[in-house]
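Colleague: Chains as they are written, first to last, in the numbering used here: chain A, 48 to 279; chain B, 18 to 383; chain C, 684 to 1015.
The hints are simulated quantities; they were obtained by calculation from the structure and are not laboratory data. Predicted model only: the values in this text are computed from it and were never measured. Some hints could be false.
[Stated by the list, open to error] Only some residues are given here: those of chain C computed to face chain A with a beta carbon under 7 angstroms:
id	residue
1	816
2	819
3	820
Built from N, CA and C at the ideal position, the CB exists for glycine as well.
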Amino acid sequence: MAEQIPLALGFQPRATFDEYWPGANAEPVRHLEAIADGDGERFILLWGDEGSGKSHLLQATCRSAHRRGDSAAYLPLRLLRPLGAEIFEGLDDHALVCIDDLDAIAGQSEFEQGLFGLYNRLRDGNATLVVSAAGPPQQLDIGLPDLRSRLSWGLVLRLVPLDENDTLAAIALYARQLGLELSPQVSRFLLAHCRRDFTSLRHLLERLDRATLAAKRRLTIPFIKALLEELA
Amino acid sequence: MKFSTSRETLLAPLQQIVGVIERRQTLPILGNVLLRLNDGRLELTGTDLEVQLVTRLEVEGRAEGSTTVPARKLVDIVRLLPDRAPLVAEIRQERFHLQSGRSRFTLSTMPASNYPEFDTGAQDRVFAVPVAVLRRAMDKTMFAMAQQDVRYYLNGLLLEIEGTTLRTVASDGHRLALFEAEVPGLAAGSAQAILPRKGALELARLLKDDEGMVSVELSSNSLRARMDDLTFSSKLVEGRYAEYRRVLPSTTERHVVADRNELKAALTRVAILSNEKYRGVGLFLEAGTLRLKAQNPDREEAEEEIAVEFDGEGFNVGFNASYLLDAVGSLESDKATLSFAESNSGCIIEEASDPRVRYLVSPMRL
Amino acid sequence: MLPGSDLLTAFPWLEGAWSALRTYLADGRVPHALLVHGPAGTGKMELARAFAARRLCTSERGEFACGECGACRLLEAETHPDFMIVESPEPGKAVKTDLVRDIIASLSLRPQYAHNRMVVLPRVDRLNRYAANSLLKTLEEPDLQTCFVLLAEQPGAVPPTIRSRCQRVAVTLPPRAATEAWLRNHVPSEEAQLRVIVARGAPLLARSLDSSRLVARRDILTSFEALATGAADPIQVAGRWEKFGSEELVSCLISWLEDLIRLKIAPGPRAVHNPDLGSSLSTLAARLKLRALYRVLDLAFGAKRALSGQANRTLMLEELAIACCRTARGDR
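Bound conformation, chain A alone (with noise of 0.2 angstroms):
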């Protein structure tokens, strides 16, 4: 069958605090609004599940402590994990250092290592340090103990998972960056027949922007039910 590849036109949603929906997570994003002001926590760790928006959380913190003139700079670990234990050199000079999944180095000792000294050059430096992981510091692989230790100083923060209202609220804000037309019948839809953790429902809505496009169709309940169908 014949099928228009529509162009991938939109609007790149920006990991700001502004397009994060905190739901009962407010304390976490005020912490890190401060940390972003200058005038926060010097440690933190962030854990919660996968989706609850670490890294978006981690992204807005640099880009809004960048924005107002400071120096930041945001390691993803899963990312970065090929270049090797070295990531953690020179980054002493700046005033924040974000660290993301901090899991995908547990365990490795070099990387451990490496990270415990930067918490210590960053700590006499006077340098703010987040890191985020998938648990809290006593439920980590941490092989050092002395950077478990360390880990757990720091003010310690969970985001919790959104109920169904938030989620709603999420992923309706994360349409209209996307410029996406979400009705309440069609994201009420997605909560009841999809998966409804944050993140399968976000790529869920990247498929339906591009399949709108594609097909010239407004967002619709048929329009959706037919596109599942086809997945499935």
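Model the placement of chains B and C on the given structure of chain A, informed by the hints.
Modeller: The following block gives chains B and C in isolation, referenced to the frame of chain A:
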């Protein structure tokens, strides 16, 4: 208000005004034309609240003033008077009296102060562009605008100023047209405005002369284009345009140069047997040749082969023939260059000699 | 009419609601959506117009629109392009979905003048689900220039999703005595009290009542009494009722039943809807059974709901008349 003039002087500007007035209005006064006489110059204004057109003409003014009168009735009367008939128009007791020889007409009026004219104040950015450049910028891109997309910005034309570069962009989500021109002395900083479909079509219609300049004035709400005897305004689309640069492939590896007319003719013929709805045509490339193939649900088939400049590894890709034809038909050079990115992100069609006009067509799965 | 500085002179009871709006204007923090709610005939539209007028007026001074600038003149002529009242062509009915969609589509273009655009939507408590959803979508993604003023008689009937996105402004009924005093400037003095009774205290409704409706109400109430005392044949009465508006008849019946129930529960001098009926009400109340009254009241409320949809009016009137008649006999 009182003035005299001739049928010919009044008719053409009046007909232009009637062009923007809707046949059915939400507000009765929008069926009227606003007449304003000032110092021997008569200004005619018509609007549908989306666009507005003002034309100016010299008349023999006897008393200044302003009013609004039913536009279609007035234009019909003036049109049907004999050639070169002299006209005398006057407002008496809130009625518009028109006399020509032994013909007399009395039209109802509504006060000029009730007429929802566009803002006449200063706009944020003002720049001058040669009429020919703006016309080209619109002609080369407008056909790619969407018709009734829910993404309102797609139903419009993006007008962008960046330093001395004037750019227009239009897309319906399947293909994108982009025009760029250097306009010396533009120096308007940077600005973006989305002209709604109707505004774009009307403005393009008015850009007839090949000479002269048009003064483009932008505010956050509207665009105003001033030419000699007329001023056109259009409201702008709310919101921002999609980040179109993201969809343009940064590098293209495979370049095909074809004779434009030959390509166009072959495409037109092959498309006859394509699926009527999707208009899918397959492009099969091998060193030196391009084969075009189409097939419809009745299993009827068309195939054409043309010689092209291409020396890479063979590949094939499908497109909507109408989109390719719109793009190829819009080029002016003898040769057309088709460039393909390695990932199947689409085909860029441009003139080898003039990279200022570019079309991006997204492929189809056939 | 363009309500300007004379708003509070003309409609003094709007003072409270206006002061809430005044605060928004003074702080320069006008919400994207306001829900103005209050009973019918209390001047919600007038309030909304005055607010919109001030918002669109180009004069920078004053609590109210100046009435003289270009924007005010356009408003007065009802040709202001950035002011929209989304009204159903049928008075009193909620707007259709298509109209809401059209308006929203027209908001996809920028306003014509400056930065403010006002959209007034009456009777949002009667919007159907589809129209409400279209509206909700727009309220969720407000553009910065547009302010929606939604009007409702029953804020509880406005979908909660819409309600939660609005700042609320209540228009309350003035005290009856004040309404009567105000009304005497507009209607024959002797009619004032009765009009306030019939309009349930809503000043503009009281003013706009047709004199014939006052007479009609009297006839209707008398017919109830005749039925309840067994002095009239219900089918004949229902036939006579056809000449009255069903809505009016049902609301009259409800007010009459509520009075009887009130007097029955707590006999003695009471604030009733129909004080002009005087002692005949209490006499009747003493004779009728409470349960029977409640039964008719339920039926009347059912009829009221049914009237907003497709209802067989003849059948409904007959049913009501028979029910009234049964109260007399006290049977089921």
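Colleague: Evaluate each hint against the coordinates.
Modeller: Going through the hints against the structure:
1. 816: holds (6 angstroms)
2. 819: holds (6 angstroms)
3. 820: Status holds, d = 6 angstroms.
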